[in-house]
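Engineer: One-letter residues, chain by chain:
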Amino acid sequence: MNTQTTTSGSGTSAASDAFDQLKETVGDVTVTDPKMCARNVDVFYGDNQAIYDVSLDIGNNEVIAMIGPSGCGKSTFLRCLNRMNDSIPSCRVSGDMSLDGEDLYSTSLDPVLLRARVGMVFQKPNPFAKSIYDNVAYGPRIHGLASNRAELDDIVISSLQKAGLHEEVHDRLDAPGTSLSGGQQQRLCIARTIAVSPEVILMDEPCSALDPIATARIEELIDELRQNYAIAIVTHSMQQAARVSQRTAYFHLGKLVEVGSTNNIFTNPQHELTENYITGRFG
Amino acid sequence: MTNPTDDSKQVAPRKDSTSIVKRTLARRYAAEKRFRFYGATAIAISLLFLVILLGSILVKGLPAFTETQMLIDVTLDAKTLGVEEGASEQELRSANYNALIKKSLREMFPEATKRKQKKELYKLVSTSAEYQVRDSLIANPSQIGQTIKVWVLADDELSALYKTGGLTDIANVTHTRLSEQQITWASSLNEQSRLKKQFNATFFKNGDSREPEQAGIRAALMGSILTLLITFLLSFPIAVATAIYLEEFAPKNRWTDLIEVNINNLAAVPSIVFGLLGLAVFINFFELPRSAPVVGGIVLSLMTLPTIIITSRAALKAVPPSIREAGRGLGASQLQVVTHHVLPLAMPGILTGTIIGLAQALGETAPLLMIGMVAFIVDIPTSVTDAATVLPVQVFLWADSPERAFLEKTSAAILVLLVFLIVMNAAAVFLRKHFERRW
Chain U
1 MNTQTTTSGS GTSAASDAFD QLKETVGDVT VTDPKMCARN VDVFYGDNQA IYDVSLDIGN
61 NEVIAMIGPS GCGKSTFLRC LNRMNDSIPS CRVSGDMSLD GEDLYSTSLD PVLLRARVGM
121 VFQKPNPFAK SIYDNVAYGP RIHGLASNRA ELDDIVISSL QKAGLHEEVH DRLDAPGTSL
181 SGGQQQRLCI ARTIAVSPEV ILMDEPCSAL DPIATARIEE LIDELRQNYA IAIVTHSMQQ
241 AARVSQRTAY FHLGKLVEVG STNNIFTNPQ HELTENYITG RFG
Chain Z
1 MTNPTDDSKQ VAPRKDSTSI VKRTLARRYA AEKRFRFYGA TAIAISLLFL VILLGSILVK
61 GLPAFTETQM LIDVTLDAKT LGVEEGASEQ ELRSANYNAL IKKSLREMFP EATKRKQKKE
121 LYKLVSTSAE YQVRDSLIAN PSQIGQTIKV WVLADDELSA LYKTGGLTDI ANVTHTRLSE
181 QQITWASSLN EQSRLKKQFN ATFFKNGDSR EPEQAGIRAA LMGSILTLLI TFLLSFPIAV
241 ATAIYLEEFA PKNRWTDLIE VNINNLAAVP SIVFGLLGLA VFINFFELPR SAPVVGGIVL
301 SLMTLPTIII TSRAALKAVP PSIREAGRGL GASQLQVVTH HVLPLAMPGI LTGTIIGLAQ
361 ALGETAPLLM IGMVAFIVDI PTSVTDAATV LPVQVFLWAD SPERAFLEKT SAAILVLLVF
421 LIVMNAAAVF LRKHFERRW
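Just so you know, the protein sequences line up as chains U and Z, in that order. The first sequence begins at 1 in this note's numbering and counts up one residue at a time. The second sequence begins at 1 in this note's numbering and counts up one residue at a time.
I should point out that these hints are in silico values taken from the structure, not numbers from a laboratory. Heads up, the beta-carbon is just placed ideally off N, CA and C, and yes, glycines get one too. Misleading hints may appear alongside valid ones.
What the hints assert, rightly or not - DEER-style ranges, computed between Cβ atoms:
hint	chain 1	residue 1	chain 2	residue 2	range
1	U	Ile213	Z	Phe37	44 to 50 angstroms
2	U	Ser70	Z	Phe37	42 to 48 angstroms
3	U	Ser90	Z	Asp16	49 to 55 angstroms
4	Z	Ser322	U	Arg172	20 to 26 angstroms
5	Z	Ile272	U	Ser108	52 to 58 angstroms
6	U	Asp103	Z	Leu288	54 to 60 angstroms
7	U	Asp42	Z	Ser46	57 to 63 angstroms
8	Z	Lys317	U	Ile213	35 to 41 angstroms
9	Z	Val11	U	Asp103	51 to 57 angstroms
10	U	Asp42	Z	Gln360	49 to 55 angstroms
11	U	Ser70	Z	Val419	57 to 63 angstroms
12	Z	Ala426	U	Ser94	55 to 61 angstroms
13	Z	Lys317	U	Ser70	22 to 28 angstroms
14	U	Asp174	Z	Gln198	53 to 59 angstroms
To be verified - Taking beta-carbon pairs under 7 angstroms as the criterion, some of the chain Z residues facing chain U (in silico):
hint	residue
15	Ser322
16	Gly329
17	Leu330
18	Gly331
19	Ala332
20	His341
21	Leu345
If we strip away everything but chain U, and leave its shape as in the complex, we get:
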C-alpha cells in the first residue's frame, strides 16, 4: 500500500494523518450476490496514480453510490468498470476487475461487447444529433437486437416508458433529441442505455446539470431500475446518495476509505475521514 500522499489539499492535520495511516478499507467490500467485482485495482494516468488498491463489489439489484471530494478517483473507478478509459492513451489499469467472474481486461473480452453489457450515463446529457427515436434505436441497431421495424419500435417504446419519458414525447419521436429540456435529455440518455438491455448501468453524476424536479424524477427512475439492473452511481450530493442507494462507498484521494450500507455510512461512519466528509467539515 502506498502511503505517500503529495496532494493533501484539504482536511485538518489530524485527518491527513488518518489518511496516511489508512491501510485498508473500513467495512465489507463484498456482497453476497456480486455482479461486478474489483480487487486491488490501481489506475495510473501517466506517472500519476489516480486510484490506490481499491476493492469493491457491485451487487445485483442494488444501487451503490460512490461519494467523495472532487478528484478522489470515483469517476475514474466508474469509467474503468466498462473500460471507457481505454481511449486515454496514458491510462493504465492494474488489478482484477470482473463481470460475472469474467475478467474485464483479459484479451478475450471485447470492450465493445462489455459496453453493451455495462451501460453508462454521463454527467452532461449528451443525446446524439438525431431524432428521439433514432437516439434510443441506435444501440439496438448497431448490435442487431431487433430483426424488424416492429421489434425495434417495441424496444424504443418500452425503453422510453421505463425511462419515464414516453408520455412526454410519444407524439414527437421524430423531433431532434437535442430539442428536449435538460432533464428530458438525461432521461433520453437513460432510455438509450436501457435499450441495449445492459446488465449494469453506470451513472456518472447524472443529475449534476439538472434542476431539483428533474433530479427527483431521475432518482425515482433509478429506484425503479434497481429491480432489473445493478446500478453504480457517482454523485456529489450526499442527499442523493442517501436517497437512492443501498450501499455507499466513500473515496478520498484515490483510496476507498469506507464502504457500508447507506444507513450506516450516513448515521454511523466508522472512519474519521468519512465522518468529516459526511458532516461537511471538508470536501
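Fit chain Z to the given chain U structure using the hints.
Structural biologist: Leaving out everything else, chain Z in the frame of chain U:
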C-alpha cells in the same frame, strides 16, 4: 481552516471604488468605440475595393458577351465555288466560300480596286464567315446559283467600334486599328442596317482562337471542370480519410507528430514546386500525357490536400467529446462512432475546408504552367487525357495578346471564373445546409 474571528485578513470594500470604476469606465468605452470605428473602416475600405474591382471587370467584360454580325449578299455561284450543280455534301464542304465572300464585298464597295484597298475590305469580316455561308448552303443545297442574304461574323475591330457606338460619330473615333477607308465602309454598312448586335454564343461554344471574335471560353471552362473534378475526386477522400485517421485512430506519438508537422509544412510549399514535381514524376516518369487535366488534377490535389486535411482535423476536433463517449458507452466500435456521430457533425467544417481548397486550386496557374497546361487549345477537351487549359491560364494568355478585343475577352473570362466559383460555393452552402444539424 481559516479562523473566522481574525478580522485583519478580511477584505473590506474600498470606499472610493465606485468613483475609480466610473473614471476608468469612460476610457474603456472610448477604447471600444475606437475599435468599432477601426473595424467599420476596414470593412468599408475592403468593400470599396471590391466594388471597384468587380465594377471595372464588369464594365470591361460585358461587351464580350455580345458580338457583331454583318449582313452580306452572296451569290452562290457554282463556278466560283468550284463545284458542279448537284454536288454532294462532301464536295460542298470543301468548296471555296472565301472567294464568294470576297466577291460579294467587292460588289458592295466597287471603289476598292487597288490590292491594298481590297485587302482592307476583306478584313471587315471574320475569317469564320466562310463557315457561316457554307453552313447555310449545306442546310439548303438547292440555293446554288441564287443570291442569298447571310449574316456573318464581323471582324473584332469593326465590332469594337460598332459596339461602342463609334460608327455613328466617325469624326471622333479614337483607339482603333481600322483605316479611315474601313471606317467609312463600316459606317455605310451601318447606315444600310447591315450590322447588328447579338448575344455572343460563339464565346461559349468555341475554344481559343487567334481571331478575337472567334475566341471562346469553352475549352478553358471544360479544362477547369475536368481538372477540378480530378482534384476533388482525389483530394477529398484522401484528405478526409487522413484527417479521420490522424484525429480518431492514430496513437499520439513521435511519428504522428512528424506527419502532422510535415502536413503543415506542405501547406506552405509554393505552388510552382508542385508543378515541378508533377512534371518530373507524373509526366517524365509515369509518362502521363502532357497538358492533360488528369496531371493538372493530380498536381492540384497534392496542393489542396494539406488545406483539406488541416481544416478537416479542426472540424473533427470541434466535435464535443461527449458525443464520442455516448457512442462508445453504448457499445459502438470506434469506426461506428466516427461514421455515425462524429463525421456528420464535422461535415459542414470539412466541406468548408474542401471548398477553400478547391477555390484555391481553381485559381491556380503556376503549377499548371509547368505541366504544359498553358497551351493554345482550340478543341474542346472531352476527357481527362485531352490537351486542355484552365480558366486562369486562359485569362493569362488573353491578357498577353496584342489585339484590343482580347481585353474584353480577358475580363469576360474572369467573370466566367467568378461565376464558376460562385456556383461551386453555392453547391457547398447547399451541402452544408443539408448536413448541418442543430446541436
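Engineer: Work down the list of hints and note, for each, if the structure agrees.
Structural biologist: Hint check results:
1. U:Ile213 <-> Z:Phe37: 44 to 50 angstroms: Since the Cβ atoms of Ile213 (chain U) and Phe37 (chain Z) sit about 49 angstroms apart, the hinted range of 44 to 50 angstroms holds.
2. U:Ser70 <-> Z:Phe37: 42 to 48 angstroms: holds, 46 angstroms
3. U:Ser90 <-> Z:Asp16: 49 to 55 angstroms: About 51 angstroms separates the Cβ atoms of Ser90 (chain U) and Asp16 (chain Z), which means 49 to 55 angstroms holds.
4. Z:Ser322 <-> U:Arg172: 20 to 26 angstroms: Since Ser322 (chain Z) and Arg172 (chain U) have Cβ atoms about 23 angstroms apart, the given range 20 to 26 angstroms holds.
5. Z:Ile272 <-> U:Ser108: 52 to 58 angstroms: Given range 52 to 58 angstroms: holds, Cβ gap about 57 angstroms.
6. U:Asp103 <-> Z:Leu288: 54 to 60 angstroms: This hint holds: roughly 56 angstroms between Cβ atoms.
7. U:Asp42 <-> Z:Ser46: 57 to 63 angstroms: Cβ of Asp42 (chain U) to Cβ of Ser46 (chain Z): about 60 angstroms, so the range 57 to 63 angstroms holds.
8. Z:Lys317 <-> U:Ile213: 35 to 41 angstroms: holds, 36 angstroms
9. Z:Val11 <-> U:Asp103: 51 to 57 angstroms: holds, 56 angstroms
10. U:Asp42 <-> Z:Gln360: 49 to 55 angstroms: For Gln360 (chain Z) against Asp42 (chain U), whose Cβ atoms are near 52 angstroms apart, the range 49 to 55 angstroms holds.
11. U:Ser70 <-> Z:Val419: 57 to 63 angstroms: holds, 59 angstroms
12. Z:Ala426 <-> U:Ser94: 55 to 61 angstroms: At roughly 57 angstroms between Cβ atoms, Ser94 (chain U) and Ala426 (chain Z) fall inside 55 to 61 angstroms, so the hint holds.
13. Z:Lys317 <-> U:Ser70: 22 to 28 angstroms: holds, 26 angstroms
14. U:Asp174 <-> Z:Gln198: 53 to 59 angstroms: holds, 54 angstroms
15. Ser322: holds, 4 angstroms
16. Gly329: holds, 4 angstroms
17. Leu330: At about 4 angstroms, which falls below the 7 angstroms cut-off, the nearest Cβ of chain U leaves the hint on Leu330 (chain Z) intact, so it holds.
18. Gly331: holds, 4 angstroms
19. Ala332: Cβ of Ala332 (chain Z) sits 5 angstroms from chain U, so the hint holds.
20. His341: This interface hint holds because 6 angstroms falls under the 7 angstroms limit.
21. Leu345: holds, 6 angstroms
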